[in-house]
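Visitor: Please take these sequences and the hints and turn them into a complete structure.
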Amino acid sequence: MSRQASLGRIRRRTVAVAQHAAPGPVDRLGRPLEDLRVSVVDRCNLRCRYCMPREVFDSTHTFLERRELLSFEEIVRLVGVFTRLGVRKIRLTGGEPLLRRGLPDLVSALAAVEGVEDLAMTSNGILLPRLAEPLKQAGLKRLTVSLDALDDATFRTMADTVQPVRAVLDGIAAAKAAGLPVKVNTVLRREINDHQIEAIAQWARTAGVTVRFIEFMDVGTTNGWVRDHVVPAVEVVERLNARWPIEPVAPVRAGEVAERYRYLDGAGEVGVITSVTRPFCRTCTRARLSPAGELYTCLFAAVGRDLRTLLRDGARDEEIEGTIADAWAGRADRASELRAEGGLPGPRVEMSYIGG
Numbered sequence: 003m004s005r006q007a008s009l010g011r012i013r014r015r016t017v018a019v020a021q022h023a024a025p026g027p028v029d030r031l032g033r034p035l036e037d038l039r040v041s042v043v044d045r046c047n048l049r050c051r052y053c054m055p056r057e058v059f060d061s062t063h064t065f066l067e068r069r070e071l072l073s074f075e076e077i078v079r080l081v082g083v084f085t086r087l088g089v090r091k092i093r094l095t096g097g098e099p100l101l102r103r104g105l106p107d108l109v110s111a112l113a114a115v116e117g118v119e120d121l122a123m124t125s126n127g128i129l130l131p132r133l134a135e136p137l138k139q140a141g142l143k144r145l146t147v148s149l150d151a152l153d154d155a156t157f158r159t160m161a162d163t164v165q166p167v168r169a170v171l172d173g174i175a176a177a178k179a180a181g182l183p184v185k186v187n188t189v190l191r192r193e194i195n196d197h198q199i200e201a202i203a204q205w206a207r208t209a210g211v212t213v214r215f216i217e218f219m220d221v222g223t224t225n226g227w228v229r230d231h232v233v234p235a236v237e238v239v240e241r242l243n244a245r246w247p248i249e250p251v252a253p254v255r256a257g258e259v260a261e262r263y264r265y266l267d268g269a270g271e272v273g274v275i276t277s278v279t280r281p282f283c284r285t286c287t288r289a290r291l292s293p294a295g296e297l298y299t300c301l302f303a304a305v306g307r308d309l310r311t312l313l314r315d316g317a318r319d320e321e322i323e324g325t326i327a328d329a330w331a332g333r334a335d336r337a338s339e340l341r342a343e344g345g346l347p348g349p350r351v352e353m354s355y356i357g358g
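Residue numbers for the sequence shown follow my numbering, so the first one is 3 and each next one is one higher.
Simulated from the structure, these hints should not be mistaken for laboratory data.
Some clues are possibly wrong.
Derived DSSO-like pairs: lysine-lysine, alpha-carbon spacing no greater than 30 Å straight-line [claimed, not checked]:
(1) K178 - K143
(2) K91 - K143
(3) K138 - K178
(4) K143 - K185
(5) K178 - K91
(6) K185 - K91
(7) K185 - K138
(8) K138 - K91
Given the structure is predicted, the values throughout are model-derived calculations rather than measurements.
Guide: Given below as structure tokens:
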């Protein structure tokens with residue numbers, strides 16, 4: 003059976019399941035399950051220091067083999083189960099999701115799943131010049147692109163790459179030309195790229211792009227996190243306000259990750275993500291699915307719940323739904339609230355494995 007035919011069969015099945023959706027689970031802190039981030043691959047074409055440091059993820063690192071990855075059919079089936087439990091927002095991540103061959107086919111299948119109201123993706127943007135239009139045509143709603151500097155020297159230091167920053171800017175331009183709304187994420191590290199705050203904000207204002215400045219987080223255990231490298235969001239807001247006066251914008255819905263601000267001169271919005279200095283654990287409604295089919299209930303978790311084995315051992319959708327609901331109902335994660343001065347203790351899953 004061809005991939006398209008197989009995806010079509012799974013799509014019809016998940017639509018039927020979603021039409022009989024029951025109220026979703028609530029965790030031990032009263033948080034519903036509303037968002038799912040699906041990592042489709044554990045590989046990347048950059049080696050950003052805060053995510054995938056080269057000395058760890060080098061030529062000797064063992065990445066997942068193709069048979070270990072969830073197939074597109076398995077991803078679509080699981081998304082159908084998640085929508086039955088109340089999930090409405092799907093974000094594709096990685097690694098770098100554009101490295102997954104045939105990704106527009108997956109987007110097309112997911113866009114047709116009943117209950118999926120928002121289908122987004124996070125990417126480093128380098129492969130977008132050839133994939134932005136197919137992704138838009140397949141049903142992708144919006145895109146977030148990582149951009150940590152505008153000058154080549156700083157960009158190459160942050161991303162540990164020989165690529166110029168123009169490769170990312172061309173990807174953003176391609177996405178906008180295809181009609182995809184684009185936001186930009188900028189991770190800030192003290193004394194490495196914090197001098198770029200105003201320059202990136204100025205570029206975003208001119209380009210008509212919303213940028214979110216993100217506090218450097220201790221995701222995983224390999225990125226060399228120390229608190230002194232964190233640029234607090236309050237500093238970012240003060241610097242932006244000194245250059246271009248801004249005012250807070252009320253959130254559109256509960257659980258928004260970014261604190262939003264409006265430029266008073268009408269040049270759009272800017273955001274900050276404050277998971278270190280002002281954690282937002284109590285409103286987190288996000289689950290994460292690894293490329294190998296493990297369910298993680300927190301970005302800072304150590305282990306996930308294996309769903310792939312259930313799929314491949316012939317479990318019915320109702321059994322998988324029960325497993326997910328039980329995992330979520332037992333969830334009490336609030337890692338960022340518990341972060342000590344020296345960071346989070348113990349093992350943690352790497353960001354490159356389950357996305358940001």
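Visitor: Now, for every hint given, state plainly whether the structure supports it.
Guide: Consistency of the hints with the structure:
1. K178 - K143: Roughly 12 Å separates the two Cα atoms, so the pair holds.
2. K91 - K143: Cα-Cα ~11 Å, so holds.
3. K138 - K178: Holds - the C-alpha atoms of K178 and K138 are around 10 Å apart, at most 30 Å.
4. K143 - K185: At roughly 12 Å apart (the allowed maximum being 30 Å), K185 and K143 satisfy the hint.
5. K178 - K91: Holds: K178 and K91 sit about 21 Å apart, inside 30 Å.
6. K185 - K91: Holds - the C-alpha atoms of K91 and K185 are around 16 Å apart, at most 30 Å.
7. K185 - K138: 15 Å, holds
8. K138 - K91: 17 Å, holds
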